[in-house]
Amino acid sequence: MGIRFGCMEMEIERAAAEDAPGIVGMRRAAEEWLAGQGIWQWPPGLLTSAQVEAQIATHEWYVARAGDGRLAGAFRLVWSDPRVWRERDAFAAYVHGLMADRAFAGAGVGARILSWVACRAREKGARMVRLDCVANNPRLRQYYVDLGFSEVGRQKLNERWTAVLLERRLGLGC
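The numbering of the sequence shown is the UniProt record's numbering, which starts it at 1 and goes up by one.
One or more hints might be untrue.
[Unchecked claim] Label-pair restraints from in silico Cβ distances:
1) R160 / G67: 32 to 42 Å
2) D89 / E9: 14 to 24 Å
3) E159 / T48: 27 to 37 Å
4) G171 / Q142: 15 to 25 Å
5) H59 / A90: 27 to 37 Å
6) P138 / A57: 29 to 39 Å
7) P43 / P138: 30 to 40 Å
Rather than coming from a laboratory, the hints here were simulated on the basis of the structure.
In this text, all values refer to a predicted model and were calculated from it rather than measured experimentally.
We put the beta carbon where it would ideally sit given N, CA and C, even for glycine.
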């Protein structure tokens with residue numbers, strides 16, 4: 001599905017095995033940038049190449065490509081998430097690992113991806129899109145609120161990581 005914003009065309013598609021190095025590289029750059037900002041969202045090296053390859057094989061990863069073929073963003077899309085959402089788990093579109101390449105920072109990649117996910121969720125019969133972010137990242141939380149998500153709770157996942165749970169209820173149409 002092609003999405004045009006500004007003068008840039010973007011295609012979102014299921015990731016292929018050959019996308020794994022690009023996804024991992026984008027993730028490493030995001031980890032370093034976050035660490036430089038003092039945000040403990042993604043500790044460096046937490047997501048391995050082997051994990052990305054396995055998740056691509058189970059069709060969880062998607063990529064957003066600019067018109068010239070460069071990776072502009074990537075994310076995982078799953079339809080259940082009991083590890084994070086626990087007793088609140090329900091049929092919904094769960095987005096994880098949403099990231100934009102730093103070369104596309106501020107270009108609306110994340111918003112366009114989430115719009116695409118909402119359309120896909122409606123097609124599958126889901127009534128909401130859910131995601132989470134670390135509690136010590138108020139800018140990211142506000143970004144999601146500005147895109148129509150509401151905080152519905154918090155979940156302590158380990159000693160250092162409390163997830164802010166956010167969801168956006170879906171109306172009709174894309």
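Hint check results:
1. R160 / G67: 32 to 42 Å: Since the Cβ atoms of R160 and G67 sit about 39 Å apart, the hinted range of 32 to 42 Å holds.
2. D89 / E9: 14 to 24 Å: 36 Å, violated
3. E159 / T48: 27 to 37 Å: Once the Cβ atoms are compared, 21 Å apart, the range 27 to 37 Å for T48 and E159 is violated.
4. G171 / Q142: 15 to 25 Å: Holds, at about 22 Å.
5. H59 / A90: 27 to 37 Å: Because 21 Å falls outside the window, the suggested range is violated.
6. P138 / A57: 29 to 39 Å: The hinted range 29 to 39 Å holds for P138 and A57, with Cβ atoms some 35 Å apart.
7. P43 / P138: 30 to 40 Å: 19 Å, violated
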